[in-house]
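What follows is each chain in one-letter form.
Number of protein chains: 4
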Amino acid sequence: MVGGGKGAFIGAVHRMAASLDGEIELVCGAFSSNPERSKESGEALYLPADRIYGNFEEMILKEKELPEGERMDFISIVTPNHMHFGPAKMALENGFHVVCDKPVTLNLQEAKELQTIIEKTGKLFCLTHNYTGYPMVKEARAMVQSGKLGKIRKVIVEYPQGWLAQLQEATGNKQAEWRTDPARSGAAGCMGDIGTHAENLAEYITGLKITELCADLTTFVEGRQLDDDGNVLLRFENGAKGVLHASQICNGEENDFNIRIYGEFGGLQWFQMEPNTLYYKTNEEGTRRIRTGVGNLSEVTKANIRIPAGHPEAFLEAFANIYRNFALTLKAQMAGQTPDPVYTDFPGIEEGIRGLAFIDTCIASSQSDQKWTKFVS
Amino acid sequence: MVGGGKGAFIGAVHRMAASLDGEIELVCGAFSSNPERSKESGEALYLPADRIYGNFEEMILKEKELPEGERMDFISIVTPNHMHFGPAKMALENGFHVVCDKPVTLNLQEAKELQTIIEKTGKLFCLTHNYTGYPMVKEARAMVQSGKLGKIRKVIVEYPQGWLAQLQEATGNKQAEWRTDPARSGAAGCMGDIGTHAENLAEYITGLKITELCADLTTFVEGRQLDDDGNVLLRFENGAKGVLHASQICNGEENDFNIRIYGEFGGLQWFQMEPNTLYYKTNEEGTRRIRTGVGNLSEVTKANIRIPAGHPEAFLEAFANIYRNFALTLKAQMAGQTPDPVYTDFPGIEEGIRGLAFIDTCIASSQSDQKWTKFVS
Amino acid sequence: MVGGGKGAFIGAVHRMAASLDGEIELVCGAFSSNPERSKESGEALYLPADRIYGNFEEMILKEKELPEGERMDFISIVTPNHMHFGPAKMALENGFHVVCDKPVTLNLQEAKELQTIIEKTGKLFCLTHNYTGYPMVKEARAMVQSGKLGKIRKVIVEYPQGWLAQLQEATGNKQAEWRTDPARSGAAGCMGDIGTHAENLAEYITGLKITELCADLTTFVEGRQLDDDGNVLLRFENGAKGVLHASQICNGEENDFNIRIYGEFGGLQWFQMEPNTLYYKTNEEGTRRIRTGVGNLSEVTKANIRIPAGHPEAFLEAFANIYRNFALTLKAQMAGQTPDPVYTDFPGIEEGIRGLAFIDTCIASSQSDQKWTKFVS
Amino acid sequence: MVGGGKGAFIGAVHRMAASLDGEIELVCGAFSSNPERSKESGEALYLPADRIYGNFEEMILKEKELPEGERMDFISIVTPNHMHFGPAKMALENGFHVVCDKPVTLNLQEAKELQTIIEKTGKLFCLTHNYTGYPMVKEARAMVQSGKLGKIRKVIVEYPQGWLAQLQEATGNKQAEWRTDPARSGAAGCMGDIGTHAENLAEYITGLKITELCADLTTFVEGRQLDDDGNVLLRFENGAKGVLHASQICNGEENDFNIRIYGEFGGLQWFQMEPNTLYYKTNEEGTRRIRTGVGNLSEVTKANIRIPAGHPEAFLEAFANIYRNFALTLKAQMAGQTPDPVYTDFPGIEEGIRGLAFIDTCIASSQSDQKWTKFVS
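Chains as they are written, first to last, in our numbering: chain X, 12 to 388; chain U, 12 to 388; chain Z, 12 to 388; chain B, 12 to 388.
No lab work stands behind these hints, which were simulated from the structure alone.
You can trust all of the hints, since none of them are fake.
Heads up, the list lumps identical chains together, so a pair's fine if it works in one copy or across two of them.
Straight-line Cα separation of at most 20 angstroms, SDA-like style, residue types lysine to any residue; simulated pairs:
(1) 131 <-> 345
(2) 131 <-> 106
(3) 313 <-> 153
(4) 159 <-> 296
(5) 162 <-> 296
(6) 134 <-> 124
(7) 185 <-> 232
Given these sequences and hints, build the entire structure.
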């Protein structure tokens, strides 16, 4: 693991998610650029001293020297955005597979360079766009694919948060600090941090690409360096229309990521904060609650559920699905087998590139007087 | 009453709303342009034969001749949009007050002409923008006015319906027929019918005018003459941003009109289909359910509640609030008294003009390559 | 109308409910046992002075002398419980039909006497057990009748309120005063006021009689004269089991009357505070929301809906259904026609007797060491 | 680990829960009484062959011989109920701490014997009454303890499931088979399996003992050997009253375990299927949603949350809290330190004894003609 030292929110999430299914074991780490802090963090995780490294370069080189079967199989990168590209590149070029937190890199150029490296090295690359790991998200995608909704006409995807309604970055909040700092976070604030999740979810479920958009980004909190709110009109490749909005200043909202999709024959609605329910709506029958573990679900959905109906699974389990699917695919590949297709459904470099292109397109659109800006990647 | 013969949805709504509080009595009507149908409708309403008229002109002239105290006090216009201006003008000019369904007229020009007539005649004019009659909508407005939310930053207002997801106007559905016919409905379909409710609600609660917008209107159903869907970015006079979307093709949605408003210090959320709850959100305290009849509510809110907490009031009661507030204001005025300010809060010609200007602005914006179109009225 | 003077909650409810559909007109009243108060109340309702009476005896005798077509058709009794029997008896015996608030009388003996009078006079008698007027309650009953749930196994019916969590009757609250006073309310407090609604709803929807019960009634608030809480185990005639609990001390609850019914093949759930939704549950399909106005509903249900889907109807509309169904049945009868069976579904003396027997049985059971007490009526 | 071989639902749950926080590592197991199956299961879990045992006796004896620091620290018993006592006793007597699934043993006598052994050996014993591991359950308990609700008056606790609405045990469903078999499950079916969770939750949150009860247990499905439904009136030591009902035949219900608690000054409501919300209700303020991670929560609550507000935690995380709290307490004890009191809050033998006494009391009451049966343990 690279990053994720004491106090880092997402590092702990990655560790819990990776360990949940017993398929992945944490064997080493460079948890901080500060060697003391890295050591302390590693010890708290019960790692042997010789597998706790002072930086990622050291980790990659030392691990490479270990005998096969003993050395790490892949690295997991959980640093702030500006520290993704370096370790990913070096790991891949030294024969390691990579799991990386999103956004994949600090900017689009790095992401495209990384894509080239991935292709060249042939290593597996997994991007933890975690919300696509939820079983009901997979069920939604399967329902769209099955044609149950008919042609998709309209998509509403929202990601409102309230935690940055005041200038939290001035209060010593580390999460707020790096996420509002262009040097560490990238060109966008809210749109990069959570808008990309919204874009990814919409394209994942519908299977449709957004082709042009019209964005209005705002920085509401005085003194903030990056956008903390954005409203975007969307147009999809098949003629569908949509709205995407994300915000960090929606006072009182926690993490109310949600999506609605309407086709010719029916609609779907999903809320991240009540993740085990998928609402299926038709004019004829009203609303039905499709639930994790109840009734006929798609094979992919069922492969991403662990416990029976009524025993809620949540954020960490969805995150763990990404890790487990990656691990099982890697395991099959290492064993020279064809991976089971229900597990190969995890995000990779392509989703990463879409995300960075989305950020760039939103910023360009927001600064433009022209209504529509093409979204290509 | 003008219009609202047998089978008309909104005519019956107006009658129930008007009669609910015992302040208004239906005394005469021209229920249809077909005299036979008018007669039949009036008899079903237990009206005496001599107060059932063949058309509105006859009604206004004959009623005018009746002695004061016996003749009608005001007319209520519940015809399709293209039949609003005529009876409103004639009634006002013959000394009658007017209640009119929305949109106020077929187009902005008529609306402005009507405004002049209202000013000249000094008669009361009430526009049944009924959703502002809900107690929790009034409470939301009162909370914003009180400063509890601080400066308003973001508004999301949605009006999704699904009933026109197919070409209902080709199936003999009268409601669908006139609402999708430019000659009877006006320049816009979905945006005129329900988008204007969304615009009105957003401006009513926030007390802020929308100053520019960027609209993307669509006709999804082949063969339809007017838009059946629209997504709009909003900018408000104080710098707030927003999204408004309305649709008639959101399969499985009934009438899920709802609004969210976020200020510096808190947020509000209200759903028309669960109208007795107003969600008040802050980062500090999470979400509180403010309920009709529970706890400390504003004076205006309390004046618009009839029954105790837990006994739900709904669409007809909100509609009736508009009528009752109009009636009590008219009664006070007729008695030479100053109306109680808690009752003078009903929509009029100004809201009507805003609505028609909104329609025109959306259409202009939707046809433009330019991002922002000014919304003036 | 007998009772329902200024400030009485339920009198206003009856008037609004009766007037909503234009089938019933208030023509006279004895609104208070205080003639001054009666006069004042009648004038506020725009009644002519000669139709406002000082007491119900006067009203019945004077109205009887008026010519047919002019005199009232029926009386509506909205006084506290101890004042139901007298006016009902006198009205019936003088040729008037009767609508009466529930519970039908102060005690079971009176109710049975009234039943004899009703049978003898042949007049129509309607008891406003209003919750059975909700369309989704009627749909639930229709679904059970249709066999969709199979044999009913379990019923959970709840009526929690919180308004009497403190000694409100000592604070000048009129509603609290008479409802906690045995002389005006009857032998039970909570169980009489709201427990009977729960009993009625359970028997109405299931079509099954409760045959024995085991009750534990409590007075939690010191100084109160009647029970303010009760928990009851139920057994139904077909072998189904159940739980009924009602309370006035559930702090923070408004009027959360709700019911769940489970049969061999499915379950139903309905909440009074969200009355337009009926949840239909099966192990196979999960939960479906059946909604007022959406999809295939029973004929009786449809006859009790006024406005389209998504336009919520609520407490007053359900109450109005009782009045309108009574009025249409009466109208048909007066015209010598067979009433349409979709309108004859309103509660009468039988439901009233069940309710009073329920109260007596609960009290007897609560005082008994024996587990089960037979519930006969 | 004892039990929990391939296909066992609860074994996998225990493993995921134990591993989530990186404090516990699975080092050995006797996963099945069938040695082949045990071996296969252990290999799938990546255990070395010499730590996979053919039965629990072998495991305990062999592990005991391993050097300290290498041998297992505690055993986790996840077998059906009739197989709890044997391994627990042997493990304790051979110096191992024990985590055990609930109910603690097959019957009350065994449980009391186990209590004696625990006291004698001084080993730690943890019973996975997992629902008390939810943060919002802990918050509810803390709120009651703080006096915020005043004296508790009423408790409603429900555990409806639908999965046994038909004779599933005749269809080859392993879960249904053992849970409806008296030899493996104990004297009660539904009341043992889930009724005990309800009893435990009610006593945990209120801090009050149930002192007497009146139960009506039923077997609705023909051919079933044990109760599949039960309704129980409760009386608590402080005079509070309550209702507990649990069922396996509530068609369409998943696992809708929930509780409501009302005191003098307020009420609380919690649903297992939406576990991150605790509803706090008062007559004055209506309902507030208390949410995992939002606002001021008790220290114990905060210690049982892993990720920020809006990132839902669920069943496995609550289960993991039990394991982690046990592990941290054990770790402190092994290090000769006083465990942090926020972690010592996990269920043990006392809760196990209460559960078995509850089962016995319910059965006795159900068979009795007497209203109240004392509940002592």
